[in-house]
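Q: Residue numbers (the working numbering), protein chains in the order written: chain A, 126 to 595; chain B, 126 to 595; chain C, 126 to 595; chain D, 126 to 595.
Source of the hints: derived by calculation from the structure; they are not laboratory data.
Accuracy of the hints is not assured; some may be wrong.
Treat identical chains as interchangeable: a pair holds within one or across any two.
Below, in silico cross-link-like pairs of lysine-lysine (DSS-like), each with a Cα-Cα straight-line distance of 30 Å or less [to be verified]: (1) Lys-489 <-> Lys-356; (2) Lys-188 <-> Lys-216; (3) Lys-461 <-> Lys-525; (4) Lys-489 <-> Lys-188; (5) Lys-489 <-> Lys-566; (6) Lys-566 <-> Lys-362.
4 protein chains.
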Amino acid sequence: MFDKLHEECGVFGVFGHPEAANLTYLGLYAMQHRGQEGCGIVSSDGYRLYAHKGLGLVADVFKQDEVFAHLPGRSAIGHVRYSTAGGNDIKNCQPIMVDYSRGSIAISHNGNLVNAQEVRSRLEQTGSIFSTTADTETIIHLLARAQSDSLIDRICEALHTVNGAYSLLFLTESRMVAVRDPNGFRPLCLGRIDGGYVVASESCAFDLVEAEFIREIEPGEMVVIDKTGMKSFHPFKETTPTPCIFEYVYFARPDSRIYNRMVYPVRKEFGRVLAHEHPVDADLVIAVPDSGMPAAMGYAEEAKLPFELGLIRNHYVGRTFIEPQQSIRHFGVKLKLNPVREIIEGKRVVVVDDSIVRGTTSRKIVKMIRDAGAREVHLRISSPPTCFPCFYGIDTPSRKELIAASHSVEEIARYVTADSIGYLSVAGLHQAVEAHGDGCKTFCTACFNGEYPVHFPRLKTDKQLGLFKE
Amino acid sequence: MFDKLHEECGVFGVFGHPEAANLTYLGLYAMQHRGQEGCGIVSSDGYRLYAHKGLGLVADVFKQDEVFAHLPGRSAIGHVRYSTAGGNDIKNCQPIMVDYSRGSIAISHNGNLVNAQEVRSRLEQTGSIFSTTADTETIIHLLARAQSDSLIDRICEALHTVNGAYSLLFLTESRMVAVRDPNGFRPLCLGRIDGGYVVASESCAFDLVEAEFIREIEPGEMVVIDKTGMKSFHPFKETTPTPCIFEYVYFARPDSRIYNRMVYPVRKEFGRVLAHEHPVDADLVIAVPDSGMPAAMGYAEEAKLPFELGLIRNHYVGRTFIEPQQSIRHFGVKLKLNPVREIIEGKRVVVVDDSIVRGTTSRKIVKMIRDAGAREVHLRISSPPTCFPCFYGIDTPSRKELIAASHSVEEIARYVTADSIGYLSVAGLHQAVEAHGDGCKTFCTACFNGEYPVHFPRLKTDKQLGLFKE
Amino acid sequence: MFDKLHEECGVFGVFGHPEAANLTYLGLYAMQHRGQEGCGIVSSDGYRLYAHKGLGLVADVFKQDEVFAHLPGRSAIGHVRYSTAGGNDIKNCQPIMVDYSRGSIAISHNGNLVNAQEVRSRLEQTGSIFSTTADTETIIHLLARAQSDSLIDRICEALHTVNGAYSLLFLTESRMVAVRDPNGFRPLCLGRIDGGYVVASESCAFDLVEAEFIREIEPGEMVVIDKTGMKSFHPFKETTPTPCIFEYVYFARPDSRIYNRMVYPVRKEFGRVLAHEHPVDADLVIAVPDSGMPAAMGYAEEAKLPFELGLIRNHYVGRTFIEPQQSIRHFGVKLKLNPVREIIEGKRVVVVDDSIVRGTTSRKIVKMIRDAGAREVHLRISSPPTCFPCFYGIDTPSRKELIAASHSVEEIARYVTADSIGYLSVAGLHQAVEAHGDGCKTFCTACFNGEYPVHFPRLKTDKQLGLFKE
Amino acid sequence: MFDKLHEECGVFGVFGHPEAANLTYLGLYAMQHRGQEGCGIVSSDGYRLYAHKGLGLVADVFKQDEVFAHLPGRSAIGHVRYSTAGGNDIKNCQPIMVDYSRGSIAISHNGNLVNAQEVRSRLEQTGSIFSTTADTETIIHLLARAQSDSLIDRICEALHTVNGAYSLLFLTESRMVAVRDPNGFRPLCLGRIDGGYVVASESCAFDLVEAEFIREIEPGEMVVIDKTGMKSFHPFKETTPTPCIFEYVYFARPDSRIYNRMVYPVRKEFGRVLAHEHPVDADLVIAVPDSGMPAAMGYAEEAKLPFELGLIRNHYVGRTFIEPQQSIRHFGVKLKLNPVREIIEGKRVVVVDDSIVRGTTSRKIVKMIRDAGAREVHLRISSPPTCFPCFYGIDTPSRKELIAASHSVEEIARYVTADSIGYLSVAGLHQAVEAHGDGCKTFCTACFNGEYPVHFPRLKTDKQLGLFKE
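Given these sequences and hints, build the entire structure.
A: In structure tokens, the structure reads:
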């Protein structure tokens with residue numbers, strides 16, 4: 126899946142470490158896959174906050190060593206973002222940092238609020254001004270309006286007004302607060318490092334900074350860290366957690382632990398169940414690299430077919446590639462993938478990918494494999510058809526762009542010119558996840574079946590989403 | 126193998142296509158793995174030459190669309206480089222373009238001349254001045270001194286003076302000339318596109334621009350292309366070809382065809398033979414991604430062990446990563462790789478890599494796998510011990526830095542803290558290559574056994590190499 | 126006067142012209158001397174606002190032609206700034222643009238509010254959050270809180286809460302509003318261009334865009350421009366205007382018309398009166414270029430002494446000059462000025478400058494002239510001693526840095542090592558201004574005599590100013 | 126004179142000072158007016174040479190402090206350039222640094238060789254290759270071909286082959302050599318600093334670095350500086366010196382000493398003689414700033430007319446100004462100058478400029494002054510009509526672009542719409558120069574009267590010049 130259709134954000138925070146900004150930088154670097162459009166770090170030296178943000182990759186925004194000299198202090202929070210809400214503009218980069226009556230505060234947000242527009246309108250009616258188009262700014266305004274005396278109470282007051290998905294990190298001069306929404310839509314985990322604390326969207330960030338993983342922050346939990354240590358609160362009414370299952374399918378790095386399970390074996394299990402649900406008489410299995418690799422390996426193992434590297438990925442595609450405008454050709458997926466003819470020629474090939482969004486990329490890949498001589502091309506997708514947009518922080522296109530929203534599986538097979546197509550079922554998805562450990566068993570699968578765990582205004586249709594996305 | 130120790134260069138050329146510079150750009154992009162330090166394109170519109178060069182990746186040096194407006198014409202040659210000879214300076218970027226008595230000429234070179242210093246001294250004695258430190262400039266001077274009337278004869282005259290490795294592309298106002306040295310050290314292949322011709326170091330570049338692969342340019346062959354078509358010459362005394370076998374081991378992209386064989390199956394076969402030569406009682410096989418993947422898969426198949434993605438690669442490592450200087454830790458290989466504990470824990474793990482240079486990276490990887498809980502770590506290398514420096518275009522360190530030059534296999538195992546180590550034999554290398562098609566059977570294996578096919582001045586020792594590399 | 130001690134800001138706006146952003150760019154370019162730290166433009170196409178801002182000079186921030194493609198519409202306002210209040214950060218660049226309940230609004234401000242901190246604290250108490258450190262943001266918040274129905278009334282409501290100096294431009298989707306505070310501290314003038322309107326801090330901006338000067342906007346006047354034309358209001362209680370006399374002394378370009386008088390002849394008259402007040406037996410008069418030129422010429426004419434270019438200015442000093450850090454010397458003023466020995470040697474020289482701030486630069490200049498052989502050096506200053514900081518928009522240092530705040534004229538002469546020193550008197554200042562036309566006769570001369578026309582909180586001492594300046 | 130039509134180059138060198146590169150940087154900064162397109166420094170630490178070059182102003186090319194860390198050593202030479210010969214490309218930036226049989230050498234050149242093309246063709250015939258289009262590269266090749274044993278003899282051998290204008294600085298590992306051509310077309314002077322030596326095109330560079338001016342290097346003199354001290358040679362046949370008189374008219378900074386005279390008083394004297402030669406009944410005298418200032422002051426003094434600053438210059442014009450392409454107006458000279466209406470209105474104005482090239486700028490200035498209300502505009506030029514191109518280092522346009530080459534003085538007056546025009550005569554030029562000290566009395570005035578002191582190939586016509594300039 127190469128289209129930038131399934132991206133979101135990542136947050137990272139450190140409290141009580143002499144190299145807080147450096148560690149945050151490394152943590153963001155490890156989670157670069159969660160957002161490539163912009164990033165930022167805000168640090169605190171106990172007296173005031175310091176910020177550096179920019180559009181681009183972590184390694185570029187923080188490439189000047191002197192940047193770190195301007196981010197002093199023993200605590201810091203950071204953010205990598207893809208523009209889930211709000212346009213692509215530096216002012217929408219996070220952490221957002223502001224002054225209000227109680228001092229300064231910074232916020233990093235992964236997720237999406239479903240009632241941000243409503244709340245924003247109400248706030249504007251009574252005099253609030255907004256300087257970004259991000260839903261996250263709403264939380265800041267609510268916080269500034271909150272009348273409670275303690276920061277914790279003010280945060281609770283503010284969060285009781287908003288609905289939707291939020292894994293949040295707040296930083297003040299002297300405290301770091303981590304909150305996960307009651308549904309726990311997006312992951313968030315807690316670790317220790319040299320006597321200090323770290324919080325990250327994914328545990329792979331802890332591995333890089335050599336922090337120790339403690340546990341995930343629970344849905345509905347608020348963790349407050351200051352120099353007296355860590356305290357945990359559960360300020361929200363309890364509800365059935367519904368973390369995003371798509372983290373297992375595509376988002377999270379395979380070496381991360383999410384919802385109490387390692388991603389890689391779960392992802393491989395998707396392939397095994399998929400082989401069981403959609404077997405096919407074939408000669409070999411290949412993956413759409415790199416996200417399709419584990420599932421393809423699982424499929425091959427279960428189907429007892431050879432697994433081959435039939436599509437080679439150009440290692441440099443992460444970079445911005447400017448296709449010459451005057452070019453007579455459109456190169457698209459060829460820039461990223463190239464088939465190995467010797468492997469494919471004359472063969473019946475199973476191609477495993479994690480999901481299909483618009484179908485255009487899959488169509489090109491099937492064509493590419495067929496052009497390389499494949500006799501048959503059987504497409505296997507390690508998740509159910511994506512039929513519904515996500516309103517909880519994944520940047521999916523609107524329904525009318527989702528091919529599965531308006532086409533049957535057979536029509537999709539015909540469109541992508543595959544000899545057959547097979548999607549993992551929702552039940553298969555659950556079965557695979559549960560096969561790997563004792564973690565959460567209830568999930569948000571709204572993008573597959575339209576069962577949205579948190580309601581949103583009726584007008585929150587495709588049009589509304591478009592509005593959010595500018 | 127992450128250390129930048131085995132890099133060289135890549136060349137690409139187009140003749141007779143309205144989008145010559147664009148195609149060259151794409152061709153270089155597909156061969157970015159052959160050199161990341163700098164790149165350049167020279168085009169010709171039939172009247173004069175135009176150049177654009179820069180330090181950095183292809184997508185960065187050519188990121189401004191207007192660059193192409195300044196590279197008009199229907200022919201172009203390009204170059205991606207790693208500094209085999211000459212320092213890291215924009216003036217050493219290629220193609221080198223100069224004016225001499227017959228007009229303008231540009232040159233792109235992959236390889237390394239072994240008598241460049243001697244020839245250079247001789248030329249300087251009689252008044253030549255050098256503005257770069259690259260060995261390639263020597264060829265240009267010889268060309269300018271040559272007395273023959275025709276370009277072809279002048280090129281022959283010049284090349285008869287130099288020894289070593291060269292896959293060359295020349296571009297004049299009206300012609301493109303491709304030459305491969307008599308030993309054929311480095312690859313070079315020929316293709317067609319829309320009635321024009323293309324030449325590239327690797328065939329994967331043809332795939333991207335959708336050119337048709339015709340054949341490899343033979344060792345000792347000179348191909349001259351102008352508006353009357355293509356002509357082939359064999360101006361050198363015939364000799365046994367000795368192409369670099371390391372292209373199969375590490376360099377070339379797995380989807381390229383080199384010396385008449387696809388790289389991927391050859392590389393996988395290395396793993397199979399390696400499993401045969403160095404079996405071990407283990408639970409699973411993992412690769413050092415991405416270069417070790419095919420051999421690891423071959424090893425696993427032959428050893429009938431499960432193949433797993435036990436080390437996850439950060440996709441963004443291609444980018445420059447500035448490690449904060451004030452950091453108390455040195456992150457090194459952790460920035461690039463992270464083990465998947467669940468896969469490794471309590472297991473006897475075979476780790477397959479393509480080669481060992483200094484041993485420091487292998488040592489870190491072994492440690493990382495052991496820290497993730499592996500019970501045993503068995504290192505398997507899909508090539509023989511690298512004991513000798515390359516003088517034909519690969520940027521290896523000097524002998525004293527090559528761990529295998531001064532340590533036995535047992536000592537290396539101890540140094541990298543592996544439970545066992547196994548290198549593919551030179552015979553196994555040949556056996557694996559020959560198992561895949563009818564290509565060349567004689568190779569340069571000097572880096573493994575010190576048998577250098579082309580002699581060089583006695584002083585061309587490590588010291589001399591160092592001199593070349595600045 | 127080379128020290129960046131007397132800088133402020135400049136505003137420019139256009140309504141009803143197809144090239145609104147371009148004209149604003151040119152207008153800002155003409156007023157670059159009013160602020161070199163940052164600049165910005167916000168335009169409106171009738172439906173929404175578009176912004177581009179950046180740190181640096183106008184020609185640099187707007188050097189990409191495509192910038193203008195992203196600033197469409199027939200109205201625009203712009204700003205050049207020196208950091209009077211708020212630090213040197215892109216987020217403090219103006220125009221500030223925000224969304225509030227009534228839509229979007231942008232604001233450009235020249236001047237300084239004296240009760241911004243108080244108002245800000247009050248706003249923060251009731252839930253406002255501030256994203257910049259600029260006093261200007263206060264106005265935006267007041268505007269958002271205002272309950273009146275019409276924009277005009279809301280602006281009036283907001284401005285009645287703040288005190289101090291403000292020449293303001295507001296831009297909404299469909300209107301441009303210009304306001305000058307009741308005292309008229311800072312200049313603001315109105316012009317016409319091709320059927321549209323322009324507003325600028327200085328008339329020299331009109332000359333460049335070839336707009337017709339109509340008149341100055343009066344102290345306390347609000348001018349509202351929309352597609353129905355221009356309307357004028359006087360919403361404030363009338364008060365004695367006290368425009369800043371320092372605009373005549375140093376700030377404004379000599380080719381501008383300020384408070385109904387051309388600056389150049391006024392500035393020259395300062396020199397004439399100064400010659401009258403502080404005559405001296407000398408051989409020639411030289412200026413500290415370029416700001417001291419007109420006064421020096423006036424002095425020379427009145428004193429019937431030859432005027433010479435005895436100090437030559439390096440034309441490239443406007444640019445950032447990075448003095449090598451390892452330098453053993455400190456070059457300071459030498460980088461900007463060089464004396465012409467032949468002119469000065471053996472002579473009794475009168476040197477005319479516009480003002481003295483810390484005295485360090487004057488000391489270097491006197492030394493430089495003496496080193497070039499002057500027999501006597503008589504310093505003449507075309508304004509009274511600067512003894513008090515400005516709280517109305519000029520970025521002066523705090524009192525303790527102003528040499529005249531704590532030293533007598535004789536002590537200053539001794540410190541700068543001049544043979545004599547002579548400052549223009551406050552009376553002389555008025556006399557010179559009034560000699561040139563029928564403009565305003567009451568001025569703010571607080572920096573000379575401490576008579577601040579608008580009061581401010583007692584704590585608004587040097588410390589407070591420092592706080593404002595970060 | 127604002128058109129970039131009269132620019133050349135500047136050279137600076139230091140030998141025997143611990144901060145050689147820093148001093149060179151400052152020296153170039155002081156001579157930035159001699160070339161704004163590119164600059165460079167080559168330093169030597171006694172063992173090898175180090176270079177840094179770039180397109181742009183000195184303060185920009187050397188803005189990174191670390192640059193100086195890469196330019197170690199106690200000797201250095203530098204260059205600021207305008208592209209007299211060779212296009213605007215970084216490869217044409219100087220100093221040129223090369224390796225040849227005797228080691229490394231760098232060269233900085235101010236001037237232009239008249240037989241460079243001939244010599245270049247001859248060198249190319251026998252095998253030299255050229256990597257720049259600059260005439261200076263010819264000298265390097267001749268040097269590399271020279272057979273003499275000593276560097277001095279080789280330089281002499283090389284320079285005996287070329288004709289034209291050259292003030293040269295050579296730097297080798299251990300020596301600095303300064304040479305001025307026998308005619309002494311371009312200035313070059315020698316100074317001392319802290320026991321070391323400095324060489325510069327203009328003495329104003331010595332003032333900035335606080336070096337002591339010793340004397341000018343004589344026409345035909347070669348000065349060799351090494352650790353044993355300084356030696357002077359006169360290797361060329363003596364000839365009548367013909368330094369460029371235009372240095373007095375426009376080029377040199379007024380605070381420089383050129384050909385044994387300060388520039389400022391000479392330039393002012395031009396105005397006095399001009400007033401004598403071309404008196405006019407007028408009300409005031411104004412200058413075209415800044416180059417016309419001294420002559421205007423001299424004119425005013427002699428004519429006993431008031432001198433006023435009637436045209437105000439925008440201080441920021443030195444910077445690149447990108448005029449918006451979509452602009453409906455062409456702003457041209459208005460961006461740089463603005464008239465002061467009050468001064469000009471209703472007056473008979475004498476406008477003094479230093480020279481007229483194409484006439485288009487003068488025409489705009491006259492129009493601008495008339496639009497500001499002048500009753501009469503009398504143009505006075507402080508040099509004779511520029512009728513012939515310069516082949517000795519000034520970048521003048523070809524003859525057909527020089528308005529005076531094809532138009533009478535009356536026609537020019539009509540074209541520029543002046544009420545009268547008056548040029549200083551060649552005799553007046555000499556008279557003014559000789560009135561100021563005992564310096565050189567013979568000059569190159571070829572651009573005024575076509576008497577070229579050094580002959581050049583017949584084909585060296587306008588076309589040829591164009592060829593040189595690309």
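Q: Tell me, please, which holds for Lys-566 and Lys-362 at an alpha-carbon limit of 30 Å: within, between, both or neither?
A: The answer is within: 20 Å in one copy meets 30 Å, while 70 Å across copies does not.
Q: At most 30 Å between alpha carbons: which applies to Lys-489 and Lys-566, within, between, both or neither?
A: neither (36 Å within a copy, 37 Å between copies)
Q: One pair to classify: Lys-188 and Lys-216, alpha carbons no more than 30 Å apart. Within, between, both, or neither?
A: For Lys-188 and Lys-216, the Cα distance is within 30 Å both inside one copy (20 Å) and across copies (21 Å).
Q: Go through the copies and call it for Lys-489 and Lys-188: within, between, both or neither, with a Cα cutoff of 30 Å.
A: between (36 Å within a copy, 25 Å between copies)
Q: Using 30 Å as the alpha carbon limit, work out where Lys-489 and Lys-356 are close: within a copy, between copies, both or neither.
A: neither (52 Å within a copy, 37 Å between copies)
Q: Given identical chains, is Lys-461 near Lys-525, meaning Cα to Cα at most 30 Å, within a copy, between copies, both, or neither?
A: So Lys-461 and Lys-525 pass the 30 Å test inside one copy only (26 Å; across, 39 Å).
Hints 1 and 5 from the earlier list are contradicted by this structure; the remaining hints agree with it.
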